[in-house]
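Student: In case you want the letters, here they are:
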Amino acid sequence: MSTTIDRRRLLTGAALGAAGVVTGSAFGSFAPEDALANDAVSALEPGMPDPNFAEGLVRSIDDDVISALGSDGTLWRVRVTSGTSVWKLTPTTFDKVAVGDGLYARGARLDDGTLAADSVWANIVNLKAHVVSISDRKIHLDHNDERIVAHVMPGISAAVYNGTPAISDVSMVQVDSHVQVLGAWIPGTNEVEVSTIYAAA
Amino acid sequence: MLDTIASAQAPLLGAVLLWAAAVKLFTRRGRIRSQTTALSTLLGKDRAALGYRALGGIEALVGAALLLPPLWWPEAAAVVVMAVGFAGYLAYSRVAAPDSSCGCMSSKHVPISWRGFTRAGWLLAAGTLGAFATQYWTGAIADRPVVLAVLAAEAALFVALSPEFDGAWLIPLRRLRVRFTDPLGGDTGGVPLDATLTRLHREPLYRHVALMLRTDVQEYWDEDEYRFVVYGASLDGRSTTAVFAVPLRVDAVETLRVAVVDESTGETLLQLDHAPDEEPESAFAG
Numbered sequence: 000m001s002t003t004i005d006r007r008r009l010l011t012g013a014a015l016g017a018a019g020v021v022t023g024s025a026f027g028s029f030a031p032e033d034a035l036a037n038d039a040v041s042a043l044e045p046g047m048p049d050p051n052f053a054e055g056l057v058r059s060i061d062d063d064v065i066s067a068l069g070s071d072g073t074l075w076r077v078r079v080t081s082g083t084s085v086w087k088l089t090p091t092t093f094d095k096v097a098v099g100d101g102l103y104a105r106g107a108r109l110d111d112g113t114l115a116a117d118s119v120w121a122n123i124v125n126l127k128a129h130v131v132s133i134s135d136r137k138i139h140l141d142h143n144d145e146r147i148v149a150h151v152m153p154g155i156s157a158a159v160y161n162g163t164p165a166i167s168d169v170s171m172v173q174v175d176s177h178v179q180v181l182g183a184w185i186p187g188t189n190e191v192e193v194s195t196i197y198a199a200a
Numbered sequence: 000m001l002d003t004i005a006s007a008q009a010p011l012l013g014a015v016l017l018w019a020a021a022v023k024l025f026t027r028r029g030r031i032r033s034q035t036t037a038l039s040t041l042l043g044k045d046r047a048a049l050g051y052r053a054l055g056g057i058e059a060l061v062g063a064a065l066l067l068p069p070l071w072w073p074e075a076a077a078v079v080v081m082a083v084g085f086a087g088y089l090a091y092s093r094v095a096a097p098d099s100s101c102g103c104m105s106s107k108h109v110p111i112s113w114r115g116f117t118r119a120g121w122l123l124a125a126g127t128l129g130a131f132a133t134q135y136w137t138g139a140i141a142d143r144p145v146v147l148a149v150l151a152a153e154a155a156l157f158v159a160l161s162p163e164f165d166g167a168w169l170i171p172l173r174r175l176r177v178r179f180t181d182p183l184g185g186d187t188g189g190v191p192l193d194a195t196l197t198r199l200h201r202e203p204l205y206r207h208v209a210l211m212l213r214t215d216v217q218e219y220w221d222e223d224e225y226r227f228v229v230y231g232a233s234l235d236g237r238s239t240t241a242v243f244a245v246p247l248r249v250d251a252v253e254t255l256r257v258a259v260v261d262e263s264t265g266e267t268l269l270q271l272d273h274a275p276d277e278e279p280e281s282a283f284a285g
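Those protein sequence lines, which keep their order, are chains A and B.
Numbering follows numbering that gives the first Met the number 0, in which position 86 of the first sequence is assigned residue number 85; successive positions increment by one, without gaps.
Numbering follows numbering that gives the first Met the number 0, in which position 272 of the second sequence is assigned residue number 271; successive positions increment by one, without gaps.
Chain B with its partners taken away, still in its complex shape:
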């Protein structure tokens, strides 16, 4: 049985290598992508694209050789050598260029993580197993079709370890979970301070007095139909407090009001419920 499984590794390894090669050789962004991989640190910016494509060529050769007859042991040995090379390259990237992308299987930016190393480990294991093949893979599958199940499981493992495929299964799964569990809760019904401030900032009255304001929001509270927002202000050199009464509801009949208070005396220095009309100034005046 084990030699049948060993013999059946070739098509999977071949398909994976051809996929990786196609990304490196035929994607239009391959050259650009190669700049973000650690290859540009290893080989230099100019040679990175060439090295990237050369690696793709080698992968294509080995992949095609695995898929096509005859059965030849150096094919599996080449996979083992490549798997060791990949793991070494990942380790090097992790140390030398931690911000770089793996660049292994797609032009998507993929940070180097434990998944990449596990995938290289799988490639090593599958290649080692493939070295013990005793017959060409079509024969092995024809003899015992049950190995297809093993191959499917391996393919699933490979997909699970490849961040490049997350968009196809992991993200929809996470979205589905969010839809059913609703982890963030719904509307709490409150009016966020941010909404009040957005509304305040758009009011002509706020713009009229904004240059007096010296601080960010000191405190705020709700009372009746209003939210009161307090700022520190400066009026004629006096340190004062500006308090805005902002209607809480968008469709409220109440209007925005502001008062400037000297808290040391309790005296209200200014109270407005609308911006005074000022002479419209032309930008082109003078």
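With the rest of the complex left out, here is chain A:
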């Protein structure tokens, strides 16, 4: 806990300029052309799978390596470091990832085939669906004739109406309207927890 506080204090101080300030000019340009020139961005053949992306269901977790079984049968090994961002409904920590979760990971492939992950998203889903009814903190959705229960999480769920910036008030979502839901699937169920819901109001 204290390391978290120390880290935040360091980063807060850096951002607000309490530390000795070094300006960006010392590091040259950050123009896109230069950045891309320095980076090993490999040109992918159209239609080829991205070698730096992994997808699958988490089979096991050993220390910092996740084994995931992809939907095409690929067995992935994904290495997570302290610098990896982890998403599971919100930005969170690696210990929240559990066996059975659906996983997306992006990073760099190492020589042994392991994917060193920059970012990991657990159970993330993106649904376009129809609102059938709304009950106590639940939005019942019809998604291709299948029922899905979307849980509105107080303090976490946000709503975007007509493309304007997100607000925490989800109550303007209407019965019998079309919505898009970005959320976290609850494994083994037809339920999701809403991160952001896009609707017309």
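Heads up, a few of these hints could be off.
Simulated coverage check for chain B against chain A, where a stretch passes if three residues somewhere in it have a Cβ under 8 Å from a Cβ of chain A [unchecked claim]:
#	stretch
1	113-124
2	171-177
3	182-189
4	214-222
5	242-255
6	261-268
Here are a few chain B residues that face chain A, going by a calculated C-beta distance under 8 Å [stated by the list, open to error]:
#	residue
7	P110
8	L147
9	A159
10	E163
11	A167
12	L192
13	F227
14	S238
Quick caveat, the hints were computed from the structure, so don't treat them as lab data.
All of these numbers come straight from a predicted model, not from anything done at the bench.
No residue lacks a Cβ here, since even glycine has one placed at the ideal position from N, Cα and C.
Since the structure of chain A is already known, use the hints to place chain B on it.
Tutor: Leaving out everything else, chain B in the frame of chain A:
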């Protein structure tokens, strides 16, 4: 009494069948709709439209015969046969083409569910009852007007079982319930992370440094008037941390700031509060 109710089934059955027939015969989308019903699996794509219209024709004939005199028992028998046929067709659709629409009563897409089967069951029951009619329906209603109440109840049941009519009563009812119970609660007053990120992504300063970022959001927290959002970044090949200080309030006087920190040494490598002016590049240069 029961024979009066039996005699009074004809107008309701007739109206339902004529409605179904009108949808199949006269809606402009009928041909298109027939492609999404299980008929196209059963008969083939080319013959689905023809079969759909033919079924509409049969429904129209039986419906009209039920409404018009004289009383003739094969009319009710035809309804029973059709009800059994519908139930069989629904069961077939459910197995053979589960994604297809019922296509029974409207051109609206309606998945096949227990409501469709119950409705076919009602048609079967009403048709069977109608087979025991002893007089023409106008006479039965004139003799005992109280059967109108029974017919109204049956009509209500039919509407309740028909997803095609949900827009007229079920959806307004659900909206009304939402209005009075407010099940999702109101504004919690917090600023969602999504709102902060939307704002961040539109800032020139963010675009200036975005290509350094290697990860999604690692963590975020609020302090004073700022929300701090942390990303993993790469600067000159070093693995670093980028921290953005985003003003929480839209009308804040504070501006967006960013720092890039090497956490292994605690050294701040870069600190900016605005995007440096760069040479405006013309898209047509060169």
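Student: If a hint holds in the structure, say so; if it doesn't, say that too.
Tutor: To see whether the hints hold, each was checked on the structure:
1. 113-124: With 0 residues closer than 8 Å to chain A, the stretch 113-124 of chain B misses the three-residue bar; violated.
2. 171-177: Coverage by chain A holds for the stretch 171-177 of chain B (3 residues, Cβ < 8 Å).
3. 182-189: Satisfied; 8 residues make the cut.
4. 214-222: holds (count 8)
5. 242-255: Per the Cβ count (3), the hint holds.
6. 261-268: holds (count 4)
7. P110: Holds, about 4 Å.
8. L147: Hint on L147/B: violated, closest Cβ of chain A at ~32 Å, above 8 Å.
9. A159: violated, 15 Å
10. E163: violated, 14 Å
11. A167: violated, 12 Å
12. L192: Constraint on L192/B satisfied, holds at 7 Å.
13. F227: Hint holds; F227/B Cβ to chain A Cβ min 6 Å, cut 8 Å.
14. S238: Cβ of S238/B sits 6 Å from chain A, so the hint holds.
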